[in-house]
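Spelled out, the chains give:
Number of protein chains: 2
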Amino acid sequence: MAIVVMKFGGTSVGSVERIRNAARRIMQEVDRGYQVVVVVSAMGKTTDHLVQLAEDITSSPSKREMDMLLSTGEQVSMSLLAMALETQGYQAVSMTGWQAELQTEKVHRNARIVSLKGGKIRAKLDAGNIVVAAGFQGITEDGEITTLGRGGSDTTAVAIAAAVGAERCDIYTDVDGVYTSDPRFVTGARKLHSIEYDEMLELANLGAGVLHPRAVEYAKNYKIPLTVRSSISEEEGTVIEEATSMESNLIVRGVAFEADVVRLTIGYEKAFNGSLAMIFTTLAQHNIDVDIIVQSIVDGTTPTVSFTIKKEALSEAIQVLEEKKKELGFQVADFEVGLSKVSIVGSGMVSNPGVAAQMFDRLRQESIPVKMVSTSEIKVSVVVPQQQMIQAANALHEEFRLSEIEVQV
Amino acid sequence: MAIVVMKFGGTSVGSVERIRNAARRIMQEVDRGYQVVVVVSAMGKTTDHLVQLAEDITSSPSKREMDMLLSTGEQVSMSLLAMALETQGYQAVSMTGWQAELQTEKVHRNARIVSLKGGKIRAKLDAGNIVVAAGFQGITEDGEITTLGRGGSDTTAVAIAAAVGAERCDIYTDVDGVYTSDPRFVTGARKLHSIEYDEMLELANLGAGVLHPRAVEYAKNYKIPLTVRSSISEEEGTVIEEATSMESNLIVRGVAFEADVVRLTIGYEKAFNGSLAMIFTTLAQHNIDVDIIVQSIVDGTTPTVSFTIKKEALSEAIQVLEEKKKELGFQVADFEVGLSKVSIVGSGMVSNPGVAAQMFDRLRQESIPVKMVSTSEIKVSVVVPQQQMIQAANALHEEFRLSEIEVQV
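Chains H and U are the protein sequences, given in the same order. All residue numbers for the first sequence refer to my numbering, where the first residue is 1 and numbers rise by one. All residue numbers for the second sequence refer to my numbering, where the first residue is 1 and numbers rise by one.
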C-alpha cells in the first residue's frame with residue numbers, strides 16, 4: 001500500500017475546528033487507499049503561551065529546558081488530532097519524536113536530524129493505524145529531547161517520508177502554493193503548478209517563507225515529491241520535484257525579496273591570512289547568519305570585505321567583531337542600514353547568460369541603485385535600497401513575464 | 001551525600017509565583033547539603049484545560065491518547081521549575097517519566113509502577129544537578145506513555161526515593177500535615193507529629209485525601225520516611241514512619257469520614273457456588289470500587305450480600321449487575337443512598353479489644369443508627385446516615401480524646 005505523509009502547520013491545527021478539518025483531509029487520503037503518516041506542529045498560540053511562561057520565570061531560560069517545555073506543544077496537538085480521527089471511527093496513534101526514533105545532533109533549539117529509521121512508524125502503519133507524529137522534535141543518542149528550530153516540522157515530515165518510503169509528502173499550510181512572487185506586493189504574481197527542488201531551495205533561502213530550506217534539501221536528497229497546498233481549500237497546490245517539464249520554457253521562475261538587510265564592511269590586515277576566515281567563524285559561533293559576501297582586493301589599499309546580515313543581528317555582530325579586533329586586527333569600517341535584497345530564481349538561467357544583464361538593465365531603467373550583487377547558477381540577488389524593494393520586485397516580475405500563464409508542454 | 005526527594009503538587013506549582021516559592025524551598029535543602037530530587041505534578045489548572053480540549057474534540061477519547069495529552073502537564077511544570085532554579089544559579093535538569101525510566105504496567109490512565117532503576121537519576125545527581133522529575137507518568141516496556149491515575153505523583157516521589165536510596169521523601173502540599181480528623185468539621189482536630197504507615201494507609205484509604213494509599217504502601221514496603229508538610233508555611237509537618245514511639249500511648253490516632261456512600265444488597269442463588277465471586281469480579285472489570293462487604297447466610301432464606309460503593313458508580317453498578325442476572329442468577333435486591341462511612345484508626349487497637357464496643361456505645365448514646373460494620377486490625381468503620389456523619393465524627397473524636405496533646409515519651 002502506498003504511503004503519503006501529510007504535514008499540518010500551527011495555524012492548520014490552531015483550533016478544535018481546524019483539527020477536525022485536518023482530520024477530514026486525512027480521512028480522505030485513507031479512503032483513497034493510502035497508508036497515512038501525519039506530522040503536526042503545535043497549535044497556533046501554544047508556543048507563544050509556553051514562551052511567555054518561561055519568560056515570566058527567567059529572562060534567560062536554558063536551551064535544554066526550553067526544548068523540554070516547547071516539545072509539549074506538538075504532543076498536545078498530535079493527541080488531539082488522533083482523538084479526532086478515532087472519534088470518526090479511524091484507527092490512529094500519536095507518536096512523539098523519541099517514540100518515532102527521530103534522532104538529532106546534540107544541540108538544543110536548533111538541532112539537525114541525524115537519522116530516522118522509520119521502523120517504529122512502519123510497524124504502527126502496518127498494524128492498521130494512521131500515525132500522527134510530532135513535528136519539530138527529536139531525541140539525541142543520550143535520550144535528551146531536542147527541537148529542530150524554525151521550519152522543523154516541514155523537515156520532520158520530509159524525513160519521515162524518506163524513512164518510510166512515502167510516495168509523496170504534502171505540506172498543508174495557510175497559503176495555497178508557491179507563487180512567482182508575493183501576491184500581496186507584486187502585481188500579477190501567480191501560483192506555480194510545479195517548481196524544481198533547487199529553485200524552491202533558492203526561494204526558501206531567499207525568505208519566500210512557504211517551506212524551510214532544510215526540508216527542501218532533504219526532499220531533494222531523497223527525491224520525495226513535495227506538495228504545498230492549502231489546509232482550508234481543496235485547490236491544487238504546487239508540486240516541488242526533480243524536473244518540471246511543464247514550465248521549463250520559463251527562464252526565470254520567481255522573484256523573491258527580503259527587507260531589513262544590513263551591509264557591514266570590515267577592514268582587515270593583509271598580513272594575517274586567517275583574518276577573513278576568522279571573521280566569519282566568529283559570527284557563526286554567535287549564530288549570526290551571514291548572507292551575501294562580496295570581497296575585492298585592490299593592490300596598495302587595506303583589504304575590505306562586505307557582507308549582509310539581518311537587521312536584528314546588527315548590534316550583536318558589531319559587539320562580537322569589536323571584541324576580536326585587537327586579537328585579529330580587523331575592525332568594522334562601515335555599515336549601511338535600510339537595505340533590502342531582491343532576487344530572481346530559475347534553473348533556466350544556467351544556459352541563458354544574458355539574464356543578469358537583463359536584470360541590471362531593467363533596474364537601471366527604474367533608477368534603482370544596486371549596492372551588492374551575488375549570483376549562483378540558478379539565481380541572481382541584488383541589494384537595493386529598501387524604499388525601492390517593491391518597485392524592483394514588480395519591475396523584474398514584469399520584465400521576465402512571470403504573470404503569463406505557463407504553457408503545458 | 002544524603003538524598004532527599006521533595007514532591008510538589010499541582011497547587012504548589014500552580015503559578016509562576018508558586019514555582020518560585022517551590023524553588024526557594026528546594027534551594028534551602030541544597031544549601032543544607034542534600035542532593036535533591038524534585039517530583040512535580042502539572043500546574044493547577046493545566047490538567048483541567050487539557051481535559052477540556054479533549055472533550056471539545058470527542059466525548060470518548062481513547063485512554064492512550066489521553067495519557068499522551070495529560071503527560072504534557074508535568075513536562076511543562078518540571079521545565080519551568082528547572083528554569084526557576086537555574087536562574088538562581090543552581091544547576092538543574094528536568095526529566096520526563098520515560099527519561100527517568102519509570103516503567104509501568106501496560107495500562108493507560110491508571111498504571112502501576114513496575115520498576116524504577118534510579119540509575120539515570122543518580123547519574124544526573126552525581127553530575128551536580130538538582131533533578132526535577134515529572135510525577136504521575138511512566139513508560140511501558142513497549143515505549144508507550146502511561147499515567148498513574150489519582151495521587152500518582154506521590155507514588156512517583158516515593159518510588160524515586162526508594163530507587164535512589166533517599167534519606168526521606170517530603171510531600172509539599174496545601175495542607176500542613178495529617179490531622180486527627182478534618183479540622184473543617186471536627187472540633188479540636190489536631191495535627192499529628194507522626195503516624196505509622198499502616199495507620200496512614202487506613203486513613204488514606206478512608207478518604208483522608210492527604211496522600212494516596214499506593215504512595216503510603218510503597219513507602220512502607222521500602223521503609224522511606226514520608227513527611228507531609230505545607231508548601232507555603234515553614235511549619236513542621238507530619239512524619240509517616242515505621243514505629244512512632246511518641247504517640248503510642250494513644251489507642252486511636254484519627255477519625256476519618258466519607259460522604260456519598262451507597263449500600264447495595266444482592267440476592268443470589270445458593271445452588272451456584274461461583275455467584276459471590278462473579279458479582280465482585282464483574283464490578284472490578286468495570287472499575288467499580290467496592291468498599292465494605294458484609295454477608296450473612298441464614299439457613300432457609302435466599303442468601304444476600306451487602307456492600308458499599310461510591311454514589312457516582314451506582315447507575316453503572318446496577319446496569320452491569322442487571323446484565324449478568326440471567327446468566328448468573330443474581331439480582332439487585334435493594335439499595336440505600338444517603339449514607340456515609342465513619343472510621344476510627346489506630347495501631348493501638350490491636351491490643352485493646354474494647355475499642356469497637358466503646359465506639360458502638362458512643363454512637364448509641366448519640367442515637368446514630370449503625371447500618372454496617374467493618375473491622376481490620378487497626379480500624380473500625382461504620383456506615384451511618386449521612387446527616388449524622390459530622391455528629392458521629394465529632395463524638396468519636398471526643399470519645400477517644402484525640403484533641404488532647406500527645407505526651408512525648
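Note that these hints are calculated values from the structure, not bench results. Hints are supplied without guarantee of correctness; some may be wrong.
Since the list can't tell identical chains apart, any single copy or any two copies may satisfy a pair.
[Said to hold, decoys possible] Heads up, simulated EDC-like pairs for lysine to aspartate or glutamate below, C-alpha to C-alpha not over 16 Å straight-line:
{"no.": "1", "residue 1": "63", "residue 2": "105"}
{"no.": "2", "residue 1": "45", "residue 2": "260"}
{"no.": "3", "residue 1": "371", "residue 2": "336"}
{"no.": "4", "residue 1": "220", "residue 2": "167"}
From a predicted model like this one, the values you see are computed outputs, not experimental measurements.
Okay, the hints, checked on the actual structure:
Within a single copy, residue 63 and residue 105 get their C-alpha atoms as close as 14 Å, which meets the 16 Å cut-off; across copies the closest is 33 Å, which misses it. Proximity of residue 45 and residue 260 under a CA criterion of 16 Å is satisfied in neither setting, with 26 Å inside one chain copy and 41 Å between copies. In this assembly of identical chains, the alpha carbons of residue 371 and residue 336 lie at most 16 Å apart only when taken from the same copy (10 Å versus 89 Å across copies). Taking CA atoms no more than 16 Å apart as the test, residue 220 paired with residue 167 passes inside one copy only; the shortest distance there is 14 Å, against 57 Å between copies.
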